[in-house]
Amino acid sequence: MSNPRKSVLITGCSAGGIGAALAQVFQEKGYDVFATARTPSKISRELSTASNVTILTLDVVSSKSITAAVESVRNVTGGKLDILINNSGMPFRAPGLDAPIEEGKKLFDLNFWAPLEMLQAFAPLLIEAKGCVVNNSSCSAVLPMGLCSIYGASKAALTLASETWRLELEPLGVRTITISTCATKSNAQTNGFKAKIPESSPYYPIREFIEKPSDMQAKAITAREYATKVVREIEAGTAGIIWVGTSSMMTRLVASMPGSILDNVVESIIPVQKEMAKAIKEKKL
0 MSNPRKSVLI TGCSAGGIGA ALAQVFQEKG YDVFATARTP SKISRELSTA
50 SNVTILTLDV VSSKSITAAV ESVRNVTGGK LDILINNSGM PFRAPGLDAP
100 IEEGKKLFDL NFWAPLEMLQ AFAPLLIEAK GCVVNNSSCS AVLPMGLCSI
150 YGASKAALTL ASETWRLELE PLGVRTITIS TCATKSNAQT NGFKAKIPES
200 SPYYPIREFI EKPSDMQAKA ITAREYATKV VREIEAGTAG IIWVGTSSMM
250 TRLVASMPGS ILDNVVESII PVQKEMAKAI KEKKL
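Heads up: the sequence shown is residues 0 to 284, going by numbering that gives the first Met the number 0.
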């Protein structure tokens with residue numbers, strides 16, 4: 000017999016992240032929550048001890064792990080899944096000239112190919128439930144942020160694909176939401192990839208600027224605020240792209256501005272050109 004309560008599976012639920020906050024909000028609303036992580040011990044005790052939360056080991060870049068997760072959900076829900084949230088992902092900070100290609104490919108595996116494989120694997124359960132898939136993308140998909148070309152490209156691929164899947168899944172009764180995530184406080188930045196700049200790089204003079212932790216989250220909204228907004232949109236029946244995070248509406252507006260204005264805005268956030276100009280000037284002196 001299937002469970003009458005709605006169910007949600009969320010990837011990347013390690014404590015301190017967006018996935019954990021989403022799981023917490025859904026748990027409080029009485030959903031059957033499947034909170035997943037590659038390392039389940041990183042999921043908070045508050046979630047792991049909740050009666051309506053099932054903790055699953057899930058490595059989203061492993062086909063075998065995804066298949067096992069599908070079977071676990073099927074056994075609990077009777078073959079349905081109301082909401083799938085593809086939240087797992089990782090930042091990647093490096094100039095294009097110094098980005099390790101193999102590491103970049105791994106990023107695409109995690110940020111793009113994994114959500115697609117998750118969707119394919121859980122599609123029968125989502126179709127049966129007439130459910131909803133939510134893909135966590137980023138505003139970096141439309142902003143040419145310095146040092147973020149690989150990350151932004153992976154999220155741009157996800158955004159375009161997710162919106163295409165929305166059109167493909169609609170006739171099957173499955174709703175699709177694409178989140179253009181703006182600055183939100185989480186542990187993602189500390190877990191992201193940061194390239195070490197070699198001495199041979201033209202960016203070596205500004206290596207400290209490149210390698211230092213980003214302070215973009217300093218004034219960001221909390222993961223809890225983010226999760227509350229996202230859950231509200233899901234329950235409201237929203238489909239398509241939604242913008243969530245600090246200054247999300249302003250970011251959306253900036254993304255549509257002419258090139259020179261857009262360039263000035265992104266340079267004010269991550270001033271690569273300014274740092275390079277300073278380094279060149281100091282070298283001449």
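Simulated from the structure, these hints should not be mistaken for laboratory data.
Remember, it's a predicted structure, so these values are computed and weren't measured experimentally.
Check each hint, because a few of them may be wrong.
As the list claims (entries may be wrong) - Result set (BS3-like, lysine-lysine): computed pairs, CA atoms no more than 30 Å apart in a straight line:
hint : residue 1 : residue 2
1    : 280       : 193
2    : 63        : 129
3    : 195       : 129
4    : 28        : 228
5    : 273       : 63
6    : 211       : 41
7    : 273       : 41
8    : 28        : 79
Claimed, not checked - So the derived label-pair ranges between C-beta atoms look like this:
hint : residue 1 : residue 2 : range
9    : 256       : 47        : 23 to 33 Å
10   : 259       : 77        : 53 to 63 Å
11   : 60        : 212       : 38 to 48 Å
12   : 4         : 171       : 33 to 43 Å
13   : 47        : 260       : 44 to 54 Å
14   : 170       : 279       : 25 to 35 Å
15   : 74        : 201       : 51 to 61 Å
16   : 249       : 281       : 31 to 41 Å
17   : 248       : 78        : 16 to 26 Å
18   : 223       : 198       : 26 to 36 Å
19   : 281       : 28        : 54 to 64 Å
20   : 171       : 259       : 13 to 23 Å
21   : 259       : 78        : 23 to 33 Å
Even glycine gets a Cβ: it sits at the ideal position worked out from N, Cα and C.
Query raised in the report: So which of those numbered hints doesn't the model satisfy?
Result: Per hint list: 3, 5, 7, 9, 11, 12, 14, 17, 18, 20, 21 violated.
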